[in-house]
Amino acid sequence: DIVMTQSPDSLAVSLGERATINCKSSQSVLYSSNNKNFLAWFQQKPGQPPKLLIYWASARESGVPDRFSGSGSATDFTLTINNVQADDVAVYYCQQYYSVFYTFGQGTKLEIK
Amino acid sequence: QVQLVQSGTEVKEPGASVKVSCKASGYTFTAYAMHWVRQAPGQRLEWMGWINSGNANPTYSQKFQGRATITWDTSATTVYMELSSLTSEDTAVYYCARDISIIQGVFEYWGQGTLLIVSS
Chain X
1 DIVMTQSPDS LAVSLGERAT INCKSSQSVL YSSNNKNFLA WFQQKPGQPP
51 KLLIYWASAR ESGVPDRFSG SGSATDFTLT INNVQADDVA VYYCQQYYSV
101 FYTFGQGTKL EIK
Chain V
1 QVQLVQSGTE VKEPGASVKV SCKASGYTFT AYAMHWVRQA PGQRLEWMGW
51 INSGNANPTY SQKFQGRATI TWDTSATTVY MELSSLTSED TAVYYCARDI
101 SIIQGVFEYW GQGTLLIVSS
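Line by line, the protein sequences give chains X and V.
For the first sequence, the positions run 1 to 113 when the working numbering is used.
For the second sequence, the positions run 1 to 120 when the working numbering is used.
Hints in this document: simulated from the structure, not taken from any laboratory.
A virtual CB, placed ideally from N, CA and C, is assigned to each residue, including glycine.
Keep in mind that the hints are not guaranteed to be accurate.
Stated by the list, open to error - Listing some non-contacts, in silico: residues in chain V with all C-beta distances to chain X over 12 angstroms: (1) Glu10; (2) Val11; (3) Lys12; (4) Glu13; (5) Pro14; (6) Ser21; (7) Lys23; (8) Gln39; (9) Gly42; (10) Asn55; (11) Gln62; (12) Ser84; (13) Thr87; (14) Val106; (15) Ile117; (16) Ser119.
What the hints assert, rightly or not - Which residues of chain V face chain X? A partial, calculated answer using Cβ under 8 angstroms: (17) Phe29; (18) Asn57; (19) Thr59; (20) Gly111; (21) Gly113.
Full structure from sequences and hints, please.
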């Protein structure tokens, strides 16, 4: 299975500042035939199911604020949250769908400083 | 709007089986794959398997092969996930999640989750 590793495990950011979450895959999730990265990001708040934020590494899901952006390729990816709001407090997960045995990162907990 | 409504909390003894349902509405049921994902306390999300909308064939994570069974009833627009030989390690919240397409692996819509407690 492809192992997804996120860093940091947790971070505290002041309101209005930028948060950066990294995700590394144990093998490339870039599909050469279409040049797409099979990588998604989710936000999960306490007591709620995960919410899809980003797929294809950088495509924002409908309704997701443009403060959220995804970047990276092959094995190294980043989720950036600009102008962090109180409502952004959550655990964020990356997930690969390159291999049919889909796997998630361990999660990064975002808190407000 | 797309809605996935799951069955309620289950409490089972070790060795038993559980069957969780996921009632879908708001879209063409057979046009999208459906996945099952679980989350044990303090653990990362874990994909269990999916059912193919085209031929209703399920595919399972190796970890759950032989112990999980995913089925669906198109007339009831409901997907089921049965897990057998339960142990305390199966205590978790179980989610159904609809794919963004026929089968892509992007979990676009999620059910509210079903808590399974395995305890003697």
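So, Gly111 (chain V) near chain X? Judge it on the closest CB pair being under 8 angstroms.
holds, 7 angstroms
Taking the shortest Cβ-to-Cβ distance between Ile117 (chain V) and chain X, state whether it exceeds 12 angstroms.
holds, 16 angstroms
Minimum beta-carbon distance criterion (8 angstroms), Phe29 (chain V) to chain X:
violated, 19 angstroms
Interface hint status, Gly113 (chain V) versus chain X (Cβ within 8 angstroms):
Since the shortest Cβ distance to chain X is 6 angstroms, the answer is holds.
Taking the closest pair, is the beta carbon of Lys23 (chain V) still more than 12 angstroms from chain X?
holds, 15 angstroms
Minimum Cβ separation between Ser84 (chain V) and chain X greater than 12 angstroms?
holds, 21 angstroms
At 12 angstroms, judged by beta carbons, does Gln62 (chain V) keep clear of chain X as stated?
Violated: least Cβ distance 7 angstroms, not greater than 12 angstroms.
Close enough to count: is the Cβ of Asn57 (chain V) nearer than 8 angstroms to one in chain X?
Hint violated; Asn57 (chain V) Cβ to chain X Cβ min 13 angstroms, cut 8 angstroms.
Return the status of the interface hint for Thr59 (chain V): holds when the least beta-carbon distance to chain X is below 8 angstroms, violated otherwise.
Since the shortest Cβ distance to chain X is 7 angstroms, the answer is holds.
When you look at the beta carbon of Asn55 (chain V), is every beta carbon of chain X farther off than 12 angstroms?
holds, 15 angstroms
Confirm or reject the statement that Glu13 (chain V) sits farther than 12 angstroms, beta carbon to beta carbon, from all of chain X.
Nearest chain X Cβ is 26 angstroms from Glu13 (chain V), so the label holds.
Non-interface label on Gly42 (chain V), tested against every C-beta of chain X at 12 angstroms:
violated, 10 angstroms
Hints 8, 9, 11, 14, 17, 18, counting from the list given before, are not met by this structure.
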